[in-house]
Amino acid sequence: MAYDYSELLTQARQWAATAQAEGRLSAERAQLLTTIDTRSTESLFAASQTDPDSRPLIVAFMGGTGVGKSSLLNRLAGQAIARAGIERPTSREVTLYHHQSLAINKLPAGLPLDSIKISQHNDATNSHIVWIDMPDFDSVELSNKRLVLEWLPHIDVLLYVVSPERYRDSKAWQLLLAEGAKHAWLFVMNQWDRGQPVQYDDFKQQLGKAGFTDPLIFRTSCSEPDGDEFAALLEQLRQLSGQHSVAQLEQRGEQLRRQHLKQTLQQLADDFSAQDYAQLQQSFDALWQHTEASLQQGLAWPIKQLAQFWAENLGQAADIKLWDEWAQNRLNDLLDELVLQAAQADIPSKPLKAALQSIRDNTEKNLTAQTELAGRQALLKPGNGAQRFLLKFTAICETLLPLAAMGVVGYQVFSGYYHSAADATAYLGTDFAVHSVLLIGLSWLIPFFLHKKLQPSLQKAALQGLLKGHQQALSTLRAEIKQILLAEQQRNESLHQLLQTLLARCGAGPAVAIEKDSLLGRVLLAE
612 MAYDYSELLT
622 QARQWAATAQ
632 AEGRLSAERA
642 QLLTTIDTRS
652 TESLFAASQT
662 DPDSRPLIVA
672 FMGGTGVGKS
682 SLLNRLAGQA
692 IARAGIERPT
702 SREVTLYHHQ
712 SLAINKLPAG
722 LPLDSIKISQ
732 HNDATNSHIV
742 WIDMPDFDSV
752 ELSNKRLVLE
762 WLPHIDVLLY
772 VVSPERYRDS
782 KAWQLLLAEG
792 AKHAWLFVMN
802 QWDRGQPVQY
812 DDFKQQLGKA
822 GFTDPLIFRT
832 SCSEPDGDEF
842 AALLEQLRQL
852 SGQHSVAQLE
862 QRGEQLRRQH
872 LKQTLQQLAD
882 DFSAQDYAQL
892 QQSFDALWQH
902 TEASLQQGLA
912 WPIKQLAQFW
922 AENLGQAADI
932 KLWDEWAQNR
942 LNDLLDELVL
952 QAAQADIPSK
962 PLKAALQSIR
972 DNTEKNLTAQ
982 TELAGRQALL
992 KPGNGAQRFL
1002 LKFTAICETL
1012 LPLAAMGVVG
1022 YQVFSGYYHS
1032 AADATAYLGT
1042 DFAVHSVLLI
1052 GLSWLIPFFL
1062 HKKLQPSLQK
1072 AALQGLLKGH
1082 QQALSTLRAE
1092 IKQILLAEQQ
1102 RNESLHQLLQ
1112 TLLARCGAGP
1122 AVAIEKDSLL
1132 GRVLLAE
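With positions in the sequence shown counted from 1, the corresponding number in this note's numbering is that position plus 611.
Be a bit skeptical, because a hint or two may be false.
[What the hints assert, rightly or not] Quick list of in silico lysine-lysine cross-link-like pairs, DSS-like style, CA-CA up to 30 Å:
#1 K873 to K1127
#2 K915 to K820
#3 K820 to K1127
#4 K1079 to K961
#5 K932 to K1093
#6 K1093 to K1071
#7 K820 to K793
#8 K1003 to K1079
#9 K1079 to K976
#10 K1003 to K873
#11 K964 to K932
#12 K964 to K976
#13 K756 to K728
[As the list claims (entries may be wrong)] Label-pair ranges, simulated between beta-carbon atoms:
#14 G909 to V950: 35 to 45 Å
#15 L925 to S905: 28 to 38 Å
#16 S1026 to K1003: 42 to 52 Å
#17 Q955 to K976: 40 to 50 Å
#18 G909 to Q870: 56 to 66 Å
#19 A929 to D1042: 23 to 33 Å
#20 V1045 to A929: 25 to 35 Å
#21 Q878 to V809: 23 to 33 Å
#22 Q870 to K976: 15 to 25 Å
Note that these hints are calculated values from the structure, not bench results. Cβ atoms here follow ideal geometry from the backbone N, Cα and C, with glycine treated the same way.
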């Protein structure tokens, strides 16, 4: 599916706004997209009334002071429509000269109306060309340079005008090198009646160094001497104003804008590709190992204190903190170092720091609750399974064995009493009584003693439970931090994937094939 450049740029800027709002893209990097120039030639003039599918070719005279740009435009118009002569270096005016059938759509934003002069003509041979006389780029007036730079995105063809004395002008030449690939170029050596062939050859050589292998250079003179090439210049421009050439220029402009957008997006994609989460995970594992050992050692004393307090004061609230300021500082040191390691691994630290804030705020409450819960659960069931079984068994024996002994003794007493009725000599005696008391006492004392000895220590049970809960709480804390790192990685990878999708869409546009030997190929700088 093909996407318009404007749609792609809008999506890219929306992506940048989202990434910047989340802190995953710096304002400086986001500016790479927000500062992309959206101005184009197509938006300058409305389409022709006779042919709604056509638009004129926008041609601008550009050059240094005194080379005769305005005089050439006046020669084209057959009248003085542009200021020329001694006033020109101080002029701040842009002159538009177009056919009366063309309607201005909307002047570019930021261009003051008092800096624009519009003139019309009714020459049908030039009906598809809009001529623009630009201010002198090398003027001492800074506003002139600003006007030139603001108008450049709206230009199809730049007529780079030089004179034999000023064809090596540095300021205009720097502009040519900077803007070369964005426009079609025709070169005019004006005032040729004062020029020499060696100057022409040197100028052509300089253009070759700039990348123009076969530039179109026309020698003209404002005095219209015989043999100058002004007519040939007009003819080439009329050929370029054909709708096929204009369409190719539009397509090439779209392609160049797509390429620029793609290059910009690729820079941002490279930033995301450089994010090393594997390194960050390794750094965290090493940091956690050291921090966990430190916390276990540092918090061992308050855990023992709490276990002892619970064993001695069941049911009372303890004023003993399992997570104190020292422990919080150790955790903060860990998280601060983790954020620093993230920055060193080219990972956005701002969203990571914000995500870790919940860990800073809630660890004391969560760790204390989880540790105390494990301690209380341990007090409900003290000891191990074998101990609890033996405790139940001895408790049962404390009741059953004395009852059994008393049953045996009672049976003996009853039996002795029965026989004593028939035989007066059947007296049980003192020994029987003593032995019976000893039997009943031992049947109770032995399981009672065993039960007491097997009773687990509440302090030991509370300590084991608290230590277990503390270890589980630290493991939970570690898992929460790793989950935050994973969520950050997934979010950044999601943004990276959206960038890759935009990059693929930027390259989905049709390629513009322009033959190098054609007229259009000669006036375009090879990419």
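Hint by hint, here is what the structure shows:
Pair hint K873 plus K1127 holds up; C-alpha atoms about 25 Å apart against a cutoff of 30 Å. A C-alpha spacing of about 83 Å is found between K915 and K820, which places the hinted pair above 30 Å, so the restraint is violated. Among the hinted pairs, K820 with K1127 is consistent with the structure: their alpha-carbon atoms are about 17 Å apart, no more than 30 Å. Between the alpha carbons of K1079 and K961 the distance comes to roughly 35 Å, so the proposed pair goes past 30 Å and is violated.
Distance restraint check for K932 and K1093: the Cα-Cα separation of roughly 26 Å lies within the 30 Å cut-off, and the hinted pair is therefore satisfied. Proposed proximity of K1093 and K1071 is contradicted: the alpha carbons are some 33 Å apart, above 30 Å. Between K820 and K793 the alpha-carbon distance is near 17 Å, which keeps this suggested pair within the 30 Å criterion. For the suggested pair K1003 and K1079, the alpha carbons sit about 25 Å apart, so the restraint of at most 30 Å is met.
For the hint linking K1079 to K976, the alpha-carbon distance of about 17 Å falls within 30 Å, and the restraint holds. Only pairs whose Cα atoms come within 30 Å are accepted, and K1003 paired with K873 is rejected, the gap being roughly 78 Å. Taking the CA atoms of K964 and K932, the gap is near 27 Å; set against the 30 Å cutoff, the hint holds. Between the alpha carbons of K964 and K976 the distance comes to roughly 20 Å, so the proposed pair stays at or under 30 Å and holds.
For the given pair, K756 sits about 17 Å from K728 by alpha-carbon distance, which is consistent with the 30 Å threshold. About 23 Å separates the C-beta atoms of G909 and V950, a value inconsistent with the hinted range of 35 to 45 Å. Range check, L925 to S905: about 32 Å between beta-carbon atoms, so the 28 to 38 Å window is met. About 34 Å separates the C-beta atoms of S1026 and K1003, a value inconsistent with the hinted range of 42 to 52 Å.
At roughly 31 Å, the beta carbons of Q955 and K976 sit outside the given window of 40 to 50 Å. Taking the beta carbon of each, G909 and Q870 are about 59 Å apart, inside 56 to 66 Å as hinted. Between A929 and D1042 the C-beta distance comes to about 57 Å, which lies outside the given range of 23 to 33 Å. Checked against the hint of 25 to 35 Å, the pair V1045 and A929 fails, with Cβ atoms roughly 52 Å apart.
Roughly 45 Å separates the CB atoms of Q878 and V809, a value that falls outside the hinted 23 to 33 Å. Under the hint 15 to 25 Å, the C-beta atoms of Q870 and K976, about 55 Å apart, miss the expected range.
The structure is inconsistent with the numbered hints 2, 4, 6, 10, 14, 16, 17, 19, 20, 21, 22, although it conforms to all the rest.
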